[in-house]
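Which chain is which? The protein sequence lines are H and A, in order. Numbered by this note's numbering, the letters in the first sequence go through residues 369 to 550 in order. Numbered by this note's numbering, the letters in the second sequence go through residues 21 to 202 in order.
Since the hints were derived computationally from the structure, they do not count as laboratory data. You may find that some hints are simply not true.
What the hints assert, rightly or not - Residues of chain A placed beyond 12 angstroms of chain H at every Cβ, according to the derived structure:
1. GLN33
2. ALA63
3. ALA67
4. ASP82
5. THR89
6. THR178
7. LYS188
Stated by the list, open to error - Here are the simulated lysine to aspartate or glutamate pairs, EDC-like style, with alpha carbons at most 16 angstroms apart:
8. LYS76(A) x ASP39(A)
9. LYS188(A) x GLU387(H)
10. LYS180(A) x GLU387(H)
Remember, it's a predicted structure, so these values are computed and weren't measured experimentally. Cβ coordinates follow ideal geometry from the N, Cα and C atoms, glycine included.
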Amino acid sequence: MNTSMHAGPCADYEHEIVELAEGSLAPERARVIRLHVESCARCRAWQSAFASIDAGLEKALPRPALSAGFAARLESRLATETRLGGRADLRTSAERDLRRTLEALRRGTWFSAIVGATTVVGTCTAGLLLVRGLAPETAPLFAAFAGPERATAFVALGAVVALGALAWSASRGLLPTLRLRA
Amino acid sequence: MDGGIEQHLAAGQHARAFDLVVPAYQDRVFRLACSILKDRAAAEDAAQETFVRVWKALPGFDGRAALGTWIYAITRNTCLMELRRRRPTVSFDDPDSDEAYRAAIGIATAPAEDPEHDNLLRMVDALPRTQQQAVRLFYLEDRSYDAVAEQLGMPLGTVKNLLHRARKRLMELARPSEVKAA
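The shape of chain A in the complex, shown without the other chains (with noise of 0.2 angstroms):
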């Protein structure tokens, strides 16, 4: 998919790159945004924002990364410039945040009415940040593990361990709704 990107990059036809890319990276880029920044909208601006500085900043492009790397790290950023941003009102640890996070992801369905998938939400958003990035992505990035890694910029290996983590905790959470419904 990069080839033909890398084919225009290296004759210095960066709006015909820029063309490519566009296409080739907007739904794992927002996909991306939507899991760091748990917010539909917000995910779509920092999308536009991502893709405006990538268009920026492509002619400067080496190639010392490659190119889907360096997409997720302005991707990535431009995420944690949004948090910053907005610290001063919205916390992670916000107990209320996951039903902000379906409420902004418009998913007003039948999943929204689910007492199960509401509590399951609800732990996930009780997980540490990391965890609750890697567990939406994992989900959203049908299940690859490679992409996971790729987009959080993180090794394989560590990826791995923290949805082990993740759902090893989420099992031990689920563990008293069990027993009480028993």
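If we strip away everything but chain H, and leave its shape as in the complex, we get (with noise of 0.2 angstroms):
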């Protein structure tokens, strides 16, 4: 049996002794515990210490509680997030609603240049041979532009007017693209 005061519990009744120490012990193996320390001087130091240390634990560390005003403060709070909250949500909801918006005049410009386009280059077309039908005197005019040479000369000078009216639009910021992104 040991009797040394620093050296610790036997190691089969240390964790036995706390749970004596805190009742959490069954009622059989408590008696065998109390039976064991009453003889062993080594256990029955350490036990003493343990208490010692629990007591002092219980009484030395804060038990610090919440303020009163611990409640008025998060309701305050909670306030001020959902003021924020929903300012976000509608700032969230227009911007969704302006994206739309700007998605759906997108889509509509670009329909509406196509359609412009197409609608310009069949009316020209009808035009030009409208007139040569009912104005056979035009054919001369017409037939300047016959062969592929000068065919080719005809629709060269016309892309380039295209494309000259395309970059005169870009440079003013004209073209859908340009002007409705977000």
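Both chains are given apart, each in its own frame, so use the hints to dock them into the complex.
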């Protein structure tokens, strides 16, 4: 049997001495541990030291409590969060609406541009055909554009004019994708 | 206690559920924050921040974990963020931290004047961080291993071991002073 005060308890009883102190041991086992402690100076010293530390911690460790104004401060904070959250929701909703509108405008503008261009080309072609059909005296004028080389030159000239028009529109931000970018 | 809260949550009445959550958990959330932050004012701020997060996240709470487990996890995360924020200036190993803790906790009463208690608090602060948290929380939570395990998110056996090692270490640290006193 160990009689040293500071050598620690018998290994088999160490945890159960704590449980005995905390009252969590089954009655039968508690009786066994009590009997052992009574007969073992080492475990008795350890039990005493444990009780001393336990009581010391109980007294020394502070037990803070929430301040009286905690609930009111939390409520105020939540009210602020609600307002901010509400504003954020409104802003998000407005931004979402704006994005949708711009998308719709962009799609609509492109659609309008394509329809417009098709209409212009169709109208011009129909006009020229109408003029040629109704006024036979203009036939030499149309004949001047006959032949592969002249037709190519005519198409190239048309392309240059079209590109120039596009460049002019782009430089003034008139193209739909440039003007309506969100 | 959580029955009413869970009924409201199941019915999608999050505001009503939250009204019950705060009084049910505010003290335990605060004590958990105290055990981690060791600063009363910071713990109260952390508790407030925790409930704001709970309030925001409650509609998304899916009930896979127990409500308390979920709230304590939010509390621990909030406290860890606070610790990370203050890391450049405060260290767990700061030898003066027990004095800062007691001053912040606001216990300028008898225990603060007691040199034995001062020594004990200093020894607690010399423990590894998880042991410190377990010890503080254990005595704050009226010696409930279950409460400590739930709040620290650890298995019950781990908490018992942590506390056992902590108190054993405190007994070892206390011996030189006992010897000196003798």
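**Study point:** Pair hint LYS188(A) and GLU387(H), alpha-carbon separation not exceeding 16 angstroms
**Key:** Answer holds: LYS188(A) to GLU387(H) is near 14 angstroms, not above 16 angstroms.
Exercise for review: Compare the distance between the alpha carbons of LYS180(A) and GLU387(H) with 16 angstroms, and conclude whether the hinted pair is satisfied.
Suggested key: Holds, because 10 angstroms separates the two Cα atoms, which is no more than 16 angstroms.
Review point. Beyond 12 angstroms from every Cβ of chain H: is that where the Cβ of GLN33(A) lies?
Key: 16 angstroms, holds
Exercise for review: Would you check whether the claim that THR178(A) is not at the interface survives, using Cβ distances to chain H and the 12 angstroms cut-off?
Suggested key: For THR178(A), whose nearest Cβ neighbour in chain H is about 14 angstroms away, the distance exceeds 12 angstroms, so it holds.
Point to revise | Claimed clearance of chain H by THR89(A), with the beta carbon kept past 12 angstroms | key: 21 angstroms, holds
**Study point:** Given pair status - ASP39(A), LYS76(A), alpha carbons within 16 angstroms
**Key:** Distance ~13 angstroms between LYS76(A) and ASP39(A) Cα, so the pair holds.
Point to revise | No chain H beta carbon within 12 angstroms of ALA63(A)'s | key: 7 angstroms, violated
Check your understanding: ASP82(A) clear of chain H by more than 12 angstroms, beta carbon to beta carbon?
Key -> Non-interface label stands for ASP82(A): nearest chain H Cβ at 21 angstroms, farther than 12 angstroms.
**Study point:** Cβ separation check - LYS188(A) to all of chain H, threshold 12 angstroms
**Key:** Not fine: 8 angstroms to the nearest Cβ puts LYS188(A) too close to chain H.
Check your understanding: Against chain H, does ALA67(A) keep a CB gap of more than 12 angstroms to every residue?
Key -> 7 angstroms, violated
Of the numbered hints stated above, those contradicted by the structure are hints 2, 3, 7, listed in ascending order.
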